[in-house]
Each structure stands twice: as C-alpha cells, then as structure tokens.
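Protein sequence lines correspond, in order, to chains Y and P. Quick note, the first sequence lines up with residues 109 to 298 if you use the working numbering. Quick note, the second sequence lines up with residues 381 to 591 if you use the working numbering.
Calculated directly from the structure, the hints in this document are not laboratory data. Positions of the beta carbon are idealized from the N, C-alpha and C atoms, including for glycine. Careful: at least some of the hints might be erroneous.
Claimed, not checked - One side of the interface only, derived from the structure: several residues of chain P facing chain Y at Cβ under 10 Å:
id, residue
1, P398
2, I423
3, N426
4, Y431
5, D434
6, I435
7, N457
8, M470
9, G472
10, Y501
Claimed, not checked - Per the computed footprint, the stretches of chain P lying under chain Y, defined by three or more beta-carbons under 8 Å from a beta-carbon of chain Y, are:
id, stretch
11, 383-392
12, 405-413
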Amino acid sequence: MSNNRTSNINETLPQFYPPLYDLKHKVGRGGLSSATLKKAQKVIDNNDVDFLKVAAPYMVIFEEGLALAKKNDTKSHEELIENILFSAMQLKANGGLFHYPIVTQVAIKLLYFLERLHTLNAHALEVVIAFEASIKLIFKKQLSGDIQKNGEEIIRELESACVRFFEKYPENIHPHFRDRENKVETKKTK
Amino acid sequence: MAYNFKDVTILIVDDNYPMLSLLKAMLATFGVGTIITAADGDIAFNKFCKYKPDIVISDWMMKPKDGVDLARSIRTNKASPNPYVPFILMTGFSEEHRVIVARDVGITEFLLKPFNSTDLYKRIVAIVETPRQFVRSENFFGPDRRRRSADDFKGERKRKDDVAQPVTPQELKDAHKRVDAAKKAQSVKNSDDVVLEDVVVHIDMVERDNE
Numbered sequence: 109m110s111n112n113r114t115s116n117i118n119e120t121l122p123q124f125y126p127p128l129y130d131l132k133h134k135v136g137r138g139g140l141s142s143a144t145l146k147k148a149q150k151v152i153d154n155n156d157v158d159f160l161k162v163a164a165p166y167m168v169i170f171e172e173g174l175a176l177a178k179k180n181d182t183k184s185h186e187e188l189i190e191n192i193l194f195s196a197m198q199l200k201a202n203g204g205l206f207h208y209p210i211v212t213q214v215a216i217k218l219l220y221f222l223e224r225l226h227t228l229n230a231h232a233l234e235v236v237i238a239f240e241a242s243i244k245l246i247f248k249k250q251l252s253g254d255i256q257k258n259g260e261e262i263i264r265e266l267e268s269a270c271v272r273f274f275e276k277y278p279e280n281i282h283p284h285f286r287d288r289e290n291k292v293e294t295k296k297t298k
Numbered sequence: 381m382a383y384n385f386k387d388v389t390i391l392i393v394d395d396n397y398p399m400l401s402l403l404k405a406m407l408a409t410f411g412v413g414t415i416i417t418a419a420d421g422d423i424a425f426n427k428f429c430k431y432k433p434d435i436v437i438s439d440w441m442m443k444p445k446d447g448v449d450l451a452r453s454i455r456t457n458k459a460s461p462n463p464y465v466p467f468i469l470m471t472g473f474s475e476e477h478r479v480i481v482a483r484d485v486g487i488t489e490f491l492l493k494p495f496n497s498t499d500l501y502k503r504i505v506a507i508v509e510t511p512r513q514f515v516r517s518e519n520f521f522g523p524d525r526r527r528r529s530a531d532d533f534k535g536e537r538k539r540k541d542d543v544a545q546p547v548t549p550q551e552l553k554d555a556h557k558r559v560d561a562a563k564k565a566q567s568v569k570n571s572d573d574v575v576l577e578d579v580v581v582h583i584d585m586v587e588r589d590n591e
C-alpha cells in the first residue's frame, strides 16, 4: 500500500513523500476521554509488580561494571561506563513506573553525571559508588511511593556530590558538554 | 464521538516483561483491537512482516537486536512490508546526542521513560493527527526530521518561513524557479543539498497549504 506512494521530485535529488492519513481514517476523530486516560493511568498506579525483582538484574550489571572500572585501567572510558550507564538508564526508566519514583530521581542524577564525565578516574568512581550505596539503601528500606523528606535529602546530597566533583575537576567534563555549555554561556552574555 | 482503535494493530517490543505487560494493558484500555508483543528486535521484525501493524512501539536497549536496529530494518530492509509505519521509541535516555542517533534512523516519536498514560496518548495523537512527510536522501530514509512549527510557537525562529503562514503565489513561483535552476545546473552536491532540500520542503509545504 504505502510503497506505491510517488515522489514529488526526480530520483537524483532528495525525494519527499506526502504524509498518509490511513490511521486517521481508521480511528476517526474526537480523541480519548479523560475517563479513559484515568483508567489507563490506574493500570500504572495499581500495578503490583515487585520492582526489586525487576531491578535486581540491572543492579548486578551495575556492580559488575563498577568492579571492572575499579580494577581495569586499560579499557576506554566508554567501555568502562557502558554497563553502569545502561543500568542507570534502566533504573531511571522503570523506577517511576513501578512505585519507586525515588529510584528514578536518583538515577537521573547518576545519568547526568555519567553522561558529562570525560574520564572515569578514582574520584569519579567514588561518586558512582555513593550512588550505588544510595540505591541499595533505598531498596533495603523499601522507600517506595511518593518521595519523602529523607528521600529528598538523599537526592540533594548526591546532586551536591556531582556539582562538587565538576567544580573540583572542570577538565573532567566531557568536551562535548563543555562546548555546549560555553555556547549557552556566550548566548546568555550576548 | 471518540477515537476507535478497534481496527488498529500495534506491535510492542520490550525485553522487560513487566514493562511489556503494563504497556499492553494500557493500550487495551485505550481500546486497541490487536496488540502483538515481542521481546527483542529480531522477533519483532518477523512479527512486523507477518502482522503488518499500524504502529510500532519499541524499547531502545535490547539484545541481540535493539530498537534502533529494528527501526533501521523496518525503514530500509527490502522485506519490510511497510517502511512508512509510525515508530515510537521508548527510552530512558534523553541526552541530545543519543536522541539524534535514534532520529537519524527514522524514529517517528520518542516516549521518554518513565511515562504516564497522557504521555503515551500524546504520542499516539501526534501520529494520528499530524503524520509527517517522508524523506529519502542518499543517507536517510524516514519521517522528515524538521517539524513544522505550530502557529502558537513563541520561540526563536531559524528562518522567516519557519512558521505555518500563508505564502503568496509569487513566493511559490520563485521557489519553483530556484529548484528548476538548481536541477539544470546539475551542481547540487554536498552542502548545497541542504539548501535545495529546504527549498523543496518549502514548496511541498506551500502546495499542501494551498490545497
């Protein structure tokens, strides 16, 4: 069906295909009611999935990644943080869906730290270890549901650790981010 | 009157079973008639060829074949029954450089995890109400990576025509002339392609506006 669409320009140049409205014809108009959306939201809110079980394999990968980073200095930064980054992303993605929004918030800070990091040196590892310890503590104390005061404190402390690290080692910000932030700064000054 | 998804088939792909179940239950609540599931990109591509779904919703990080590879197969594999299918990529990554990677293989929409029912619904509405034109160039095939700005957009604009506003017949005529001249000159290469692409998109948008 869609393969029969014709281009509006000859083949030596970029070709453009007008959008299809097949789906629109199938589903009609009017959207979904707020009642339906609320019902769908309840599917998330009332799910009884045990997040600790969901998170367990990611924590194993996290720990393996950390162990590798602690003893290995021959691999590239990307290789060393790959497992940690993957686990952080999964914890961030799943925590909030399975009643652990605090894990999502902590993992967001960890992702932010890892993405900006240029080299996973000993000092950076200490920060990552602090994240690991915090997540383990959250699981041990089963801090599910809305983020409470002690949860907010954990997040704040971890964020401060990241800020302190990059203030102390500005050369360890990945050049990609340094360039981007410089551009933003220049724009603001203008 | 409301959307009726009874005749719609959606393929959802995730290697995390609880996540897959959750998404399936949410789509069922939306009234989706047929929901097909797959646990990785390879299985998903086979099911895609078999069931020809109307929408694909896939996680990014899966082994052995991830969501980006799946999108690439759907867009470019000769066996793909519908390379134009809307593709929603779910991911926990939000950094710009990662999003660009996915965008460049032809993702239609991103769904950032964790999400709620409204986030999911908004992506589906975008696909239904504002399907995007497709572009085939030397290095890319997929939905146009430049979106048309909404009329109420208040931010900075890159070009004068970066807004959905009426274009005069003279402007349309001029744009056609510029394309013809470029084609005749046969010198449209590398960086010039970008300029020409802009002109062609412009004409395409204008013609659709005028219809």
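Consistency of the hints with the structure:
{"no.": "1", "hint": "P398", "verdict": "4 Å, holds"}
{"no.": "2", "hint": "I423", "verdict": "20 Å, violated"}
{"no.": "3", "hint": "N426", "verdict": "19 Å, violated"}
{"no.": "4", "hint": "Y431", "verdict": "15 Å, violated"}
{"no.": "5", "hint": "D434", "verdict": "6 Å, holds"}
{"no.": "6", "hint": "I435", "verdict": "7 Å, holds"}
{"no.": "7", "hint": "N457", "verdict": "13 Å, violated"}
{"no.": "8", "hint": "M470", "verdict": "8 Å, holds"}
{"no.": "9", "hint": "G472", "verdict": "3 Å, holds"}
{"no.": "10", "hint": "Y501", "verdict": "6 Å, holds"}
{"no.": "11", "hint": "383-392", "verdict": "holds (count 5)"}
{"no.": "12", "hint": "405-413", "verdict": "holds (count 5)"}
This entry does not satisfy hints 2, 3, 4 and 7, going by the numbered hints stated previously.
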